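Novice: Sequence:
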Amino acid sequence: MGENGQVKGENAQIELLQLKSQLVQVDEKRMDKLKRKPPGKQQTTSALEQNIRAKESEMQHTSLTIQQEKVYLKQIKLMKDEKKALDVWEKEMEELRTRRSQIQEQMRQVNERQDAARTVQLLDEAAQLLQLPLESVIEGRVTVSEELAEMLTTPMWSKRMRTGYAVTSHVTRKKPTGVRLLGAQESVDAASAFLQGYGTVVSHPMAVSDEELGLLIGKKGATIAQLQEETDCCFVLDKKNSTVAVLGLADAVESAVVQVRGIFETHACTACACTLHAHGMHTACAPHAH
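1 is the number of the first residue of the sequence shown in this note's numbering; add one for each residue after it.
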């Protein structure tokens, strides 16, 4: 599908951004209108209408002095003015509600078109990557936990799904979190069953220094690749916040965290020993807590 599908996707994204901007503007107008609701004792036009009729009926069936009649007429006029202002306000609010619903429907339709275009693109990519005829590639969707979804975004798991189950996987962040699996029917079925029965994935965050982050990654990523292979866990690095999240099944994560701490402590002890040796001193290093 290539370039044509990409252009359609980009156009849909632009349209979606424009609609979101319109929705924000409508919501801002609604908030402003709510703050500017006409003052008055009655909060609805129907209540005002009922009171006006009651006051007019009372005038018709009650003997009033000229002064009393003037008071009644003044009260009726005030209520009618209040109703007129409230009618205008409610009409404007209804127009904004209608406009909001229209924008939301347009957004839903754009999302559907965008999703359809994305599906065509993913099917095409899967056919090429898996070396399958396009007509044999199907899509399956599985709801997964946010932690498992995070794991599936890593290169390690993308490769695992591709080599182990002959499918490509793509995480969707919309609630509920899910993954799109593409491949031959039997491959998608097998991958779906695997993910649904995988177990509960947990996440263990660790604060790390820049030096520790470098140790964890290793030369050309060798250390982290080995750790992921040995522990069956994923390591999601956040260099900006100096953290690493270890993702996997509970027992595996616990083991992986111990290994990571061991790497840090071994390095710290080595650095400590080198420093002491340079000063002609010898001592044992205490474990470092993380």
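These are computed hints drawn from the structure, not numbers from a lab.
No experiment lies behind these values; they were computed from the predicted model shown.
Where hints are given, some of them may not hold.
[Stated by the list, open to error] In the DSS-like style, the derived pairs of lysine-lysine whose C-alpha atoms are separated by at most 27 Å in a straight line are:
1. K91 <-> K77
2. K91 <-> K20
3. K220 <-> K239
4. K239 <-> K174
5. K74 <-> K55
[Stated by the list, open to error] Derived CB-CB ranges, DEER-like:
6. K220 <-> T153: 46 to 56 Å
7. D32 <-> P155: 25 to 35 Å
8. C269 <-> T143: 44 to 54 Å
Ideal Cβ placement from N, Cα and C applies to all residues, glycine included.
Novice: Each of the hints needs a verdict: does it hold here or not?
Specialist: Consistency of the hints with the structure:
no.	hint	verdict
1	K91 <-> K77	21 Å, holds
2	K91 <-> K20	24 Å, holds
3	K220 <-> K239	16 Å, holds
4	K239 <-> K174	25 Å, holds
5	K74 <-> K55	11 Å, holds
6	K220 <-> T153: 46 to 56 Å	21 Å, violated
7	D32 <-> P155: 25 to 35 Å	48 Å, violated
8	C269 <-> T143: 44 to 54 Å	46 Å, holds
Hint compliance for this structure: hints 6 and 7 are broken, all remaining hints hold.
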